[in-house]
Amino acid sequence: MQLLVLGLFLIFVLRLWYLQIHKGQEFADKAENNRIRLHQVHAPRGLIRDRHGVLLAVNEPAYALAIVREDSKDIPNALLHVSQWLNLDLSQLHETFDKGRARIKRFEPQILIPSLTFAQLAVIEANTLSWPELKIVTKPRRSYPQGPLLAHVIGYVAEANEDEMNNDPELSLGDSVGKKGIEYTMEKRLRGKKGLRQVDVDAAGRQLGANMLIPPQVGSDVRLSIDLELQGFIDEQMKEHVGSVIVLETDTGQVLALVSKPSFDNNLFVSGLSHSDWAIMRDDPAHPLQNRAIQSAYPPGSVFKLVVAGCALTERVATPGDRVFCPGGFQLGNRLFRCWERRGHGVVDMNRGLVESCDTFFYTMGDKLGVDRMYPCAVQSGFGRPTGIDLPHESPGLVPSREWKKQRFNDNWYRGENLNMAIGQGFMLTTPLQVARYNAALVNGGRLLKPQLLADAEPDEQARLPLSDSHRDFLVQTMVDTVEGSRGTGRRIALKGIRLGAKTGTAQVVKLMAEYDKKALKDIPYQFRDHAWMTSFGEKNGRRYSVVAMIEHGGGGGAAAGPIIKAVYEHLFAEELQ
Amino acid sequence: MTPIDRRLVTHFNWSLAGLAFVLFAFGVANLYSASGFRMEEGLTLTSYYRKQLYWGSIGLGGMIASLLFDYRHLRTLAWPFFVATLSALLITLFWGKTIMGAKRWMDLGLFHFQASEFAKISLLILMAKLLSMEHEKLGWKKLFSFGGIGIFPVVLIMKQPDLGSALSLLLLMGGMIIFRGVKGPVLKGLTVAVPALLPLGWFLLHDYQRQRIMGFLNPGGDPFGAGYHIIQSQIAVGSGQLWGRGFLEGTQSQLRFLPEKHTDFALAVFGEEWGFVGCVLLLFLFSAFLLSIVRTTAEAKDGFGSFLAAGIFFYFFWQIFINMGMVLGLMPVVGIPLPFISYGGTSTVVNFCLTGLALNVSMRRFFFKKS
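Taken in order, these protein sequences are the chains called A and B. Residue 1297 in our numbering sits at position 549 of the first sequence; the count goes up by one each step and never skips. Residue 520 in our numbering sits at position 33 of the second sequence; the count goes up by one each step and never skips.
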């Protein structure tokens, strides 16, 4: 062991002699020149465009105030001055500084205020000479020229939080990262790669020269399937309505428009939303942050009758010719399940059952099929699971089953619940996008496609409707009859020369009390009015679209949603209609 | 508690204790220089040198505690200690605090506790107990059973990941086993097997660890990445020349080009400010310190004490060897601190406790009572 100690002593004495005496002068010279710092250079984020190339998300230069700790003799004093110049809360500044300091490497500027107004910029510029630790950093900032019009689709970027930085080593303090919408799902594609710049400084930290070592790589652009013009048109048509409208290209699954009202200005989030602004938005009873097309699930109402009819045909419970007598309701035990038409529809076949949306007919179908056969049909038709659209937080909706009820309520499934399910009430919940996709599949040959938001995405077939070709054609024809027939619930959207089909629906909000039963819509308090559904397709010259509108508290299906859907087709087929 | 015996005082190894304190004083002075100008620390942290003083006083308490009892009691405590450390390591792995991507610390509210430091002590005690029970040189079977015990803490620490501590544990164990002696064929086998297994270890390393080794082999290849520490610390040490730049005068450390200057690279600050003369003096102090422990291994009254002292020797020896080798560019960058010189709470306390344990063995060398 003595030898080990001797060896240690000798080796290191020799090494020290070599470094400090033999090459000492050389290293001393190097030390003198050792004044190089490395700075990150931000890469601009990829742009987002609509299908025709119109810009939807761009980068603007923004000015941030940063501090370089190593250049400061007295940080609290510097922060105090910043707070005085800009009239900011000092403790807030200290908090920002303390929170970020651990994440900043030596000599890296740490951002204190992410975006400065021009007035603030001027004040700071006037003072920086005597405060070398304060630096103005330019970095690209995201801006959304369309603001609320596409906020739900595009989402927004904001400063990366603690979790995001821990999970992604490429992110550093003050970096923007996609939080919602396409900005979130396409983050990897949109984000570029940061560059590295070598900066030579003197002993006081002042910059003498700079040299780009690794140039930053710009993020890739993204072109959306959205047609900005159409989106804007629908947005106007929605007026003050609360709800959503979706336009799909049936054969590709491309989303041409996705409108959710009310909306919010996504630009507000980019430079950091103040706590009070955030609270206002969060507590707004109209929930502007909610993307109603994919995050809100409603009872489908009569729209679901299409699925039940298809299921009855596939399961051979009924043929198109089978008739049911509607006396105005369906008696089950001692309870009468009423048809919306109190006077009764008389003898109804499946076509009339759909065209006039006869509840009694579907009570009969539901009773014959039962939940055990309706459940798989609905799931195979794309309900009860997310569509897979490239947006975060999509709701899966809900298709109830015997097992689900047992688990959820610890209760058996009752026969009456089959009837409610068959007319799309009860536990059933669907998102507008699920309905639009189902509708598209009815007319595109039964292919359930993933709704695509990217213009260059190939059609992605996820499943097929559980329907034979002839049964599907039959359902499509009933939708056409719903528009063209004199008693069809969708007759108000008819357009000459365009093949249109539709199905209306009403999603009950509360079981209307008897006192409202016979009143006109305007006399019912807003929050008690039913939600109005309308799903439709339109076809001309080989172009086919599926359009769905869901108007919250819009009352009966056709009345509120009809005019909007009609306007959309007039717009889509403007050339053909001239 | 042993009744006070006059011989305990007369046989107290004052030079060993004195050397530890002189080294610690050097360390604190050096930290004062390394952290004196860190104005930004004034916001929330007290300066490192003050914290180090505070840790030193806790260490002094630990040192006194480690020499008050008869070290032979540790024999019965060896296994419980070991099991307790393993559990602490497991807890760290699952619920530990993540700092700079590694889970090494347990948050105990007042301070962060680094279980891997205590793993070194408990493994040392356990090995001393096991080796002192062997009456002949070790064969393959014993070697593997001892190695098998030691591999648990090593693997747990590797997982954190803390390559430096895992390596120290392995070297500590290896040193103690070689000190006990192995049978001829085993020795021959090992001299062939260990170099052959080294390349295998490459595949167990993390990317950043591989980069450090590549950086060591070719520091110029990536001067701002993997090779940065190596180049910068050599520049700092080298520019100290014969007499050094003087206390608080180091430009490299004051301008903060030097990374980790208060922890693993503290020697670089020292080298820059005190030059060749100061460094050789420091080396001399370390050598005297180590030799004093070596003497304890020879004088100890029983095998257990002798192996304890040997373990303590290797504990310090490897740290000094690896840390100096790294700072002076003779070895890849491994996160191992320099005893008494580098800043570090847990390690300072452990260093003092182990010094205390060596003193304990040394001052009880004239007890002839067999246990």
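To be clear, the hints were calculated from the coordinates, so they are not data collected in a lab. Incorrect hints may have been included.
[To be verified] For lysine-lysine, the following DSS-like pairs were computed, each having C-alpha atoms within a straight-line distance of at most 25 angstroms:
id: 1; chain 1: B; residue 1: K624; chain 2: A; residue 2: K847
id: 2; chain 1: A; residue 1: K1153; chain 2: A; residue 2: K1116
id: 3; chain 1: B; residue 1: K670; chain 2: B; residue 2: K616
id: 4; chain 1: A; residue 1: K1198; chain 2: A; residue 2: K1116
id: 5; chain 1: B; residue 1: K624; chain 2: B; residue 2: K675
id: 6; chain 1: B; residue 1: K670; chain 2: A; residue 2: K821
Going down the list of hints, with the structure as the test:
no., hint, result
1, K624(B) x K847(A), "57 angstroms, violated"
2, K1153(A) x K1116(A), "20 angstroms, holds"
3, K670(B) x K616(B), "20 angstroms, holds"
4, K1198(A) x K1116(A), "32 angstroms, violated"
5, K624(B) x K675(B), "14 angstroms, holds"
6, K670(B) x K821(A), "62 angstroms, violated"
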